[in-house]
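K.L.:
Start from the sequences, fold in the hints, and give me the full structure.
Line order of the protein sequences matches chains A, B, C and D.
1 is the number of the first residue of the first sequence in UniProt numbering; add one for each residue after it.
1 is the number of the first residue of the second sequence in UniProt numbering; add one for each residue after it.
1 is the number of the first residue of the third sequence in UniProt numbering; add one for each residue after it.
1 is the number of the first residue of the fourth sequence in UniProt numbering; add one for each residue after it.
No lab work stands behind these hints, which were simulated from the structure alone.
Note that beta-carbon positions come from the ideal geometry of N, C-alpha and C, so glycine has one too.
One should not assume that every hint holds.
[Claimed, not checked] Partial pick of chain D residues on the chain C-facing surface, computed with a CB cut under 8 Å:
hint : residue
1    : Gly-48
2    : Gln-50
3    : Ser-51
4    : Ser-52
5    : Met-53
6    : Arg-81
7    : Trp-85
8    : Gly-282
[Stated by the list, open to error] Pairwise CB distance ranges (calculated):
hint : chain 1 : residue 1 : chain 2 : residue 2 : range
9    : C       : Asp-110   : A       : Ala-188   : 57 to 63 Å
10   : C       : Asp-190   : A       : Gln-137   : 48 to 54 Å
11   : B       : Arg-138   : D       : Arg-135   : 34 to 40 Å
12   : C       : Thr-226   : A       : Ala-188   : 33 to 39 Å
13   : A       : Ala-188   : D       : Val-78    : 52 to 58 Å
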Amino acid sequence: MAATTPGATWWKGAGGPLLPPVAEVPAGGGGTQEEARRTDGSGRDEATKGASGMSPDLRTRLGDVELANPIMTAAGCAGAGRELAQFFDVARIGAVVTKSVMLEPRAGRPAPRMAETPSGMLSAIGLQGPGIEVFLQRDLPWLLARGGRAVVSIAGGSAEEYAELARRLSMAPGVTMIEINLSSPNLADRGRDFTEDPAAAARVVRVVRASARSDIPVFAKLSSDVPDLVGLATACAEAGADGLSMINTVRGMAIDTATMRPAVAGGTGGLSGPAIRPIAIACVYRVHAALPDVPIIGMGGVRTGSDALEFLLAGASAVAVGTVIFHDPSACVRILREFEEALEERGVARVGDLIGAAHRPLGATALR
Amino acid sequence: MAATTPGATWWKGAGGPLLPPVAEVPAGGGGTQEEARRTDGSGRDEATKGASGMSPDLRTRLGDVELANPIMTAAGCAGAGRELAQFFDVARIGAVVTKSVMLEPRAGRPAPRMAETPSGMLSAIGLQGPGIEVFLQRDLPWLLARGGRAVVSIAGGSAEEYAELARRLSMAPGVTMIEINLSSPNLADRGRDFTEDPAAAARVVRVVRASARSDIPVFAKLSSDVPDLVGLATACAEAGADGLSMINTVRGMAIDTATMRPAVAGGTGGLSGPAIRPIAIACVYRVHAALPDVPIIGMGGVRTGSDALEFLLAGASAVAVGTVIFHDPSACVRILREFEEALEERGVARVGDLIGAAHRPLGATALR
Amino acid sequence: MSDFRPVQMRSPVLTVRRVDAYHAITVVAPGIAERFRSGQFVAVAVGGEQSSMLLRRAFAIHEVKPDYGGTVEFLFAVRGRGTAWLAERRSRDLLDIVGPLGRPFPLPRDPVNCVLVGGGAGAAPLFPLAHTLRRRGCRVDFVLGAADAERVFGAITARRVAETATFTTDDGSFGLRGQVTEVLPQVVEDARSDVIYACGPMPMLREVTALAARYDIPVQVSVEETMACGTGVCMTCVIPVIGDDGITRMTRSCVDGPVFRGERVRFDDVGTIPFDALGAPGWKTHGDDAVQTREAG
Amino acid sequence: MSDFRPVQMRSPVLTVRRVDAYHAITVVAPGIAERFRSGQFVAVAVGGEQSSMLLRRAFAIHEVKPDYGGTVEFLFAVRGRGTAWLAERRSRDLLDIVGPLGRPFPLPRDPVNCVLVGGGAGAAPLFPLAHTLRRRGCRVDFVLGAADAERVFGAITARRVAETATFTTDDGSFGLRGQVTEVLPQVVEDARSDVIYACGPMPMLREVTALAARYDIPVQVSVEETMACGTGVCMTCVIPVIGDDGITRMTRSCVDGPVFRGERVRFDDVGTIPFDALGAPGWKTHGDDAVQTREAG
Ligand SMILES: Cc1cc2nc3c(=O)[nH]c(=O)nc-3n(C[C@H](O)[C@H](O)[C@H](O)COP(=O)(O)OP(=O)(O)OC[C@H]3O[C@@H](n4cnc5c(N)ncnc54)[C@H](O)[C@@H]3O)c2cc1C
Ligand SMILES: Cc1cc2nc3c(=O)[nH]c(=O)nc-3n(C[C@H](O)[C@H](O)[C@H](O)COP(=O)(O)OP(=O)(O)OC[C@H]3O[C@@H](n4cnc5c(N)ncnc54)[C@H](O)[C@@H]3O)c2cc1C
Ligand SMILES: Cc1cc2nc3c(=O)[nH]c(=O)nc-3n(C[C@H](O)[C@H](O)[C@H](O)COP(=O)(O)O)c2cc1C
Ligand SMILES: Cc1cc2nc3c(=O)[nH]c(=O)nc-3n(C[C@H](O)[C@H](O)[C@H](O)COP(=O)(O)O)c2cc1C
Ligand code: FES
Ligand code: FES
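P.N.:
Spelled out as structure tokens, the structure:
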């Protein structure tokens, strides 16, 4: 019908979005990447400014990878960095964790997909995404060209799908890490997700670790809604996970008192935001106590630099910011700044000194 | 030393609290109870005022018991009603659920016992209380004399302790219901709590049901932090529970970023308040779907009348208000008023029509 | 390009006014005012720094002015907690505001006849559009509807700016009794409209779009889907929209909209995943019938 | 009796002032003002209706006045989120406030010599007490300490009301350098004090209590324990206190305090459950060594 519309010719911009949110950057070129770093990377200098001994050393290690600082985005809350680049330089933060990518395009769940809850939200997106091909062609190169570190989250319906995704990602240059989103329905198990069965989760981790390039750390992302979190974490670590990400959203529900129906289509959704932070902290603390050598990316309701600090003290080596990005699109850089200030105030020289400090006996908490 | 203090004689009120929060009411006497009803029970009339067909019928059934309305206090958040009576007439609400009572006095956990979290709080009180004897002598008679309906929460370290508590309560007149707090450490199971083992939980329910007077409904209170909530709920119902209360607090933790130690002594605490409401709603919805004939007292973050409505739509027959009482000591009557207004706005004639309405197919939600 | 990027600012409130059933807030926000194009919106944080309300509220920009370096006005009806909080703001309070967001109304190249159709507060973005169209020499006709007289917004402005202004109310308390779609055909015929712009509830947009098809004229609709972020990262605001390639995609209404070509929106399928949408269950080789994710994502 | 019951009200803010390092808020709250006795406090809801901060903040009542039917003033230092929000209030804002709460300072029957010892903002409740004591013909001496000059509160009032007023600061920027407990013995001896009233941090209260024992005079201390409800229902504010029967109980400082007889408070055991406290692990026949509850309760 559009073609037969007489007026269709005189639109200034017909059809598609008029406003690509940011200028297109030619994909993949190493030179472009350098250029982008030089022009836009100033923030990175700011983050380490005055490193004359006064500023804390913000670097953190996740497996074999070192990040400039421990603040990342959480999967599914920042796309692949492109929209947020309107608000800050994505190269300034430790890494961008992408929305979980699957092999094929996926339309996700029907609307309504979300409801606001006290200090949190319920969501049920259903892993909508364009699939790995578009991701590799369009999203990943864009992020790399901007100088961002890419942690790619993957989701599948079977261990084989996960393995295939890891293989494809390993062939593309520039992937810093892979995060396995295990909260995806296992098609062989009537849709129960992989975190509900430690053996299935371990199998996914094992095949991904085997398929991914060896210099790419593989992190397994866990949910707190499991019978035995430490058991699951141990199973993943033993299957070869280089680290753990936790937590995913918590199972929740809201009823719309006007329609008297569940507020999110399909009934339950995932609860996220500051409301769940105490649950996330408890998980990180418990798993770090059991597996002190396994690095953890902590997430769940990080809103301020002090919240990020809380996760590190509980045992995380880095933190990811999710829902709060919806509230404040510049949250990641604000949190990074607040976090750095918090370290300065406390005279903490190195991020590494903080990790798990809340576990140490009272006398030992004094930091250099 | 106090005795040797020369000035000790000239204090207006020496030693104990100067201000008993409210006038003492002679314990137990039926006449007094009637009197208290007549003088203070005006609120009750208000709640059912204009029952000329316009006002909704707020009565609700919990097993064999009928309550005047579905708003109750949550265990441990209202003492035995005495302190709140300074702010409203405790006879106006459906029932007062008392702080869990144990056989012996209990000092509870060391301070700090709480931390504020976004839209919630963490607490670890450790079941501090005076023990059943003092409860029966002092607290229960006070509540009954004021015309309050007493739902007594009990906690023990073994099935036998629970049974003994039920026996003692059954001998006292005036107990409306017994709520079994199963989130108490099972001494025979290295302190794991009873909800973590459905068989142990069922055993407690069975002996309590056997020991309690047959006209006193027994509700089992569950936590959401269990491997299989529906399984646990089913086990409790099959063991004779007349209904279920859910949810207890959710395991959580906060780290004090100043001291770098857990904010609550002992590390983890229980998360409560509006933050956990979506978790609680999901639990009530799920259990009601599985066991539609088992009445549920819903709780977890009820702050407004609309929140109470949400729990009823999810499948609860009554709701309990906990943490929000700390925020607003008159919360229960405010919520009752808001709840009644919400029903009027929606033209709902009977509370009973709402229970579980969110489960019905779309067309069926229209209410008479 | 940087001109088009939305900005985030803490903007001082200049005035809070009542306009019939609505509240109008004007903030000082030069960055937003200078980038603004008709049809775009702002996303406002509500409840203050320790708010329990995490999600921003979206409001169409109703007017921008050059005063104080640039001001932005939006208007709103109190619906829930967030708008209740906004209604209590006073001048000099600060609002955390992001904008301008979204795809603006495409403008005709030539001075054609435009009819602007709005429902209730949904009419707000049509006013800056009307001014712009007039500046370009277009003829503007207004059709505004609402539940009652109080909720008809901007009648005086509409009369001033437009060639004709037709009003409808559900209760007949102002203008004609009925729906805007009942009077629209007459207006289109009388004004020999070349294009329709419409803002309002989905059912209205669907009917307006059907009507435009009947008259074979283009229609641009601005949808109002629930949004969590407004900036394109959360994927909560999707509706099924047909792309240039004929393929239906679950499309974000915050960045790819809120303005869409009416005929591209699959109104009847809003709230569902159409079976033929890109990546719908069964869409490709994958037999993933169990698409219920337990977790978000 | 009903005179003593606390009330809950939405009180309009009359004034917000800066007083050195502190903020002073005066609200119109007749019900609270008329019931007030020195040493009592109010519990204030913070963050507005959609606040993420659920717990009330406790503040000692610093002054009540008969204006507008009764006003109540409290003063505070900004420490965290809640006090930061309070500091931003303006006149005519409404505060949800509960009070008066807690056990007031017991008053001597006879006109005896009283020394009032306070640290920082902790000194606030001593001022209404001083006025009351003066009205009863008591001699009042003040000893006020703080970190620095800015944090010494009420020096002028203290000088006016009291026979003598001695000040200490940690940095020596005002009065004597050092702690209140260093100067207190001299004051007690010079003034021939019959009783001590003290407000401030636990370590200070402990030392003041020890000092009172040495002089064999009674001491009333006002403690500042973290509180969730302020009304006696949550059991978060307990400290070990020895009862008339000699038994130590975990005692609520909100309703059984905040004022206690100093010698009854087991300062050294604050933050623990003393082994001999009523219901402590192993206290009775029960071998319940596993007292760690997983859940609250
Ligand atoms: C692009 C766009 C432009 C809009 N322009 C206007 C306008 O100019 N004037 C006006 O009055 N309203 C407008 N709305 C609707 C406005 O966003 C909602 O009325 C407002 O978010 C309701 O917030 P609340 O806190 O009062 O309601 P609540 O019910 O408390 O909101 C809860 C959550 O749902 C979301 N939500 C609720 N209703 C809507 C809705 N209708 N649309 C989108 N999100 C919703 C809120 O953003 C919030 O996240 C617009 C919406 C969109 C998407
Ligand atoms: C009986 C009593 C009287 C008090 N009188 C005064 C006074 O007159 N002036 C004054 O400045 N302060 C007073 N305080 C301390 C005051 O309550 C705290 O400074 C205030 O609660 C801190 O709130 P926040 O939101 O800034 O801190 P946050 O750290 O954000 O508070 C988090 C939680 O901890 C509680 N909390 C934190 N610090 C304290 C504390 N020191 N005491 C009790 N609870 C605390 C808060 O109530 C809140 O629940 C008094 C405390 C008590 C118990
Ligand atoms: C809208 C939304 C989408 C999400 N999508 C994903 C996803 O694709 N993959 C994933 O592993 N986690 C996803 N998550 C979970 C987040 O990454 C994060 O684990 C969780 O939200 C807790 O962090 P937060 O409280 O900071 O949001 C999503 C969360 C939200 C709210
Ligand atoms: C301070 C505190 C004490 C509690 N004590 C008990 C208790 O003694 N017994 C019990 O069954 N639940 C206890 N609970 C749990 C509450 O009854 C309720 O299940 C939970 O807090 C969720 O409701 P809420 O969010 O409305 O507080 C306690 C909760 C709090 C916050
Ligand atoms: S509102 Fe978040 S993507 Fe549109
Ligand atoms: S603060 Fe709640 S009992 Fe004292």
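K.L.:
Does each hint fit the structure? Answer for all of them.
P.N.:
A quick look at each hint next to the structure:
1. Gly-48: Check passed: Cβ of Gly-48/D comes within 6 Å of chain C, closer than 8 Å.
2. Gln-50: Holds, about 5 Å.
3. Ser-51: With a closest approach of 6 Å, the Ser-51/D hint holds.
4. Ser-52: 4 Å, holds
5. Met-53: Constraint on Met-53/D satisfied, holds at 5 Å.
6. Arg-81: The hint holds - Arg-81/D has a Cβ within 8 Å of chain C, the shortest such distance being about 5 Å.
7. Trp-85: 6 Å, holds
8. Gly-282: 42 Å, violated
9. Asp-110/C / Ala-188/A: 57 to 63 Å: Given range 57 to 63 Å: holds, Cβ gap about 60 Å.
10. Asp-190/C / Gln-137/A: 48 to 54 Å: 51 Å, holds
11. Arg-138/B / Arg-135/D: 34 to 40 Å: About 37 Å separates the Cβ atoms of Arg-138/B and Arg-135/D, which means 34 to 40 Å holds.
12. Thr-226/C / Ala-188/A: 33 to 39 Å: 35 Å, holds
13. Ala-188/A / Val-78/D: 52 to 58 Å: 57 Å, holds
Violated hint for the displayed structure: number 8, the only one.
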